[in-house]
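Heads up: the sequence lines are chains A and B, in that order.
Sequential numbering of the first sequence, starting at 69, is according to the numbering used here.
Sequential numbering of the second sequence, starting at 69, is according to the numbering used here.
Don't take every hint at face value.
Partial selection, computed: residues in chain A whose CB lies under 10 Å from chain B [stated by the list, open to error]: (1) 232; (2) 291; (3) 382; (4) 383; (5) 392.
Below 30 Å or equal to it, Euclidean Cα-Cα: the simulated DSSO-like pairs (lysine-lysine) are [said to hold, decoys possible]: (6) B:70 to A:70; (7) B:205 to A:100; (8) B:70 to A:100; (9) A:377 to B:100; (10) B:205 to A:335; (11) B:205 to A:377; (12) B:100 to A:205; (13) B:70 to B:187.
Bear in mind the hints are in silico, worked out from the structure with no lab data behind them.
Where a beta carbon is used, it is the ideal one built from N, C-alpha and C, also for glycine.
2 protein chains.
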Amino acid sequence: LKGDVRIALVGFGNVGRRFASLLLGSYGRVLKERGVRAHVTGIATGRHGSAIDPRGLPLARCLRLVRSGGSLGAVNRGGPLASSRVFVARVPADVLVEITPLDRRGGEPATSHVRLALKRGLDVVTANKGPVAFAFKELTGTARRHGRRFLHEGAVMDGTPVFNMARYCLPGVRVLAFRGTLNSTTNLILSRMGRGATLREALREAQALGIVEADPTDDLDGWDSAVKGCALANALMGADARPGEVRRQGIGGVSPGRVREAARAGKRVRLVVRGDLRGRRVHLSVRPEGLPLGDPLAGDGPDTALLIKTDLMGEIGLTELGGSIDQTAYALLADLLTLFPNDQGVR
Amino acid sequence: LKGDVRIALVGFGNVGRRFASLLLGSYGRVLKERGVRAHVTGIATGRHGSAIDPRGLPLARCLRLVRSGGSLGAVNRGGPLASSRVFVARVPADVLVEITPLDRRGGEPATSHVRLALKRGLDVVTANKGPVAFAFKELTGTARRHGRRFLHEGAVMDGTPVFNMARYCLPGVRVLAFRGTLNSTTNLILSRMGRGATLREALREAQALGIVEADPTDDLDGWDSAVKGCALANALMGADARPGEVRRQGIGGVSPGRVREAARAGKRVRLVVRGDLRGRRVHLSVRPEGLPLGDPLAGDGPDTALLIKTDLMGEIGLTELGGSIDQTAYALLADLLTLFPNDQGVR
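Isolated chain A, as found in the complex:
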């Protein structure tokens, strides 16, 4: 699969638009160096219609249409597209890039899109944590049976290579446990509370930065962390965990007093997700913990961090500073490049 490659995007929010505009620039250049000419043959959006063109959509025009509040219907040559499901079933493409917004509790519609695309014989790239957290075993099995790939680097810590590091850089290693501060919003809130803000003030600041979902409940109650913990347990530790099974406590009950008291004891409160292999099961939990200063998880602001404990390589950590849309978009590029290794077989 080299030369001309047809890409379909389902979901066209901030990440999808950034990815598309980078395809016109730096990402396009990187792909060309790999001998790949990318054509976006379909885009499905929630509020701006959908479009298919087997010869490639005019990407710059699509971006202008959507940004100005218009509809992609104006450039659609693919017949009526009643739903995103119809779009995924019909779009002429080699790779599906799945970046729809997740529903609150079930990993849909992303999981259905991924399943359908794999069964149609498309490779799938997603930045969605839902499919990895809710259906990893099933989807990797489907991918294998159809000779396709299910790639999801962006599911946890954006483009920071969490899954790819374990897969490509720690050969022969078993992951025994992990702990992480994977939710940018609570990291920022608890960091600000440590400097005297109330939860409500800190949340407003996080919202002003644009890193909080419209409904911040999933961040605050630990659900987002639980979903990410499951994604890690499933993909790194062979588990078949579900977010509903995670012992979970959010930061709603964390008072500024508790944060200040921890600070006086030389600690920082952070919302920590943990996974521990005990026997054959991975035990998962999410709760606020007081971390000693100097702990790699006790970073500042929205930065995310993950420590993994292994059998052969001790304990190592990954940190992502910031957490920008560019970093999420990069996860999609990295996964695309996994599909098109260079001549030395290097992704």
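For this one, chain A is given, so just place chain B on it according to the hints.
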């Protein structure tokens, strides 16, 4: 190159012995899963003689001999081995594992060993920072011309995948800058000074932990950090830097008073190595800096950390907790597995 693989070890100190004993256990199992049966056909030591056996040395017996202060001469079937250079020139092997102690300032004898082995058509795996810091361009060129690999994951941060992450997990990305606290000894010393110890007391503690070289000067004066900075600049940023060019200031002049004053200002003093791409040159420096608490480099104890700044993926970090001989030995296994990818081409 699969099936039976002949490995020669030049250098047989703590790391070499640990690697050899793990080859008899977990490493041997991991290699076998890749379809590789490893035979150690030669070992060269500084103080315990050298041995070659084309059919494979009795590894357990070699370990016993060396641990009890004996000489490997007892199991040598390879004729007289006057020097490590003669050993590298003659040993019947497919892979040379280079782990000799470095001289203070020149990257030898490791660089000569690597060069000679590559020219003989051996793949080379090393945990030595010298060859990467002093001769990266030359040695990668030699490897390419002879169709062999020059692998060096252990040169910086032991087996934490610094070089492999950049190579295998950040496709298409340019590294623009890095900063790191890469020297365990000074990390531990400055961490202890922050709790009231003098430099001398803290150094004694580090020595008791066994993480300091016989002569700690290279740690304290920043030379070790400068060598590692060059290794990163050369391998990650296309530089052709040499340690002597690095602007360098050690921790000898850092008083407990300065460390305490920094602590009062919410900072930690650490010896930081920086590399910055300016135009086509990488500017390198080593000096003590006051880092804000929460900075990923301001960890505790001997832990090492590295942050890299990229064009497409923002800034991400790697941390290694501890810094044990097992983690250095793992770097050698990871590099060996790079030579023997699995059936899906994954290392």
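Here is how each hint holds up against the structure:
1. 232: holds, 4 Å
2. 291: At about 25 Å, which exceeds the 10 Å cut-off, the nearest Cβ of chain B leaves the hint on residue 291 of chain A violated.
3. 382: It holds, given that the least Cβ distance between residue 382 of chain A and chain B is near 5 Å, below 10 Å.
4. 383: holds, 4 Å
5. 392: Since the shortest Cβ distance to chain B is 6 Å, the answer is holds.
6. B:70 to A:70: holds, 28 Å
7. B:205 to A:100: Holds - the C-alpha atoms of residue 100 of chain A and residue 205 of chain B are around 26 Å apart, at most 30 Å.
8. B:70 to A:100: violated, 33 Å
9. A:377 to B:100: holds, 23 Å
10. B:205 to A:335: Roughly 46 Å separates the two Cα atoms, so the pair is violated.
11. B:205 to A:377: violated, 35 Å
12. B:100 to A:205: holds, 26 Å
13. B:70 to B:187: holds, 21 Å
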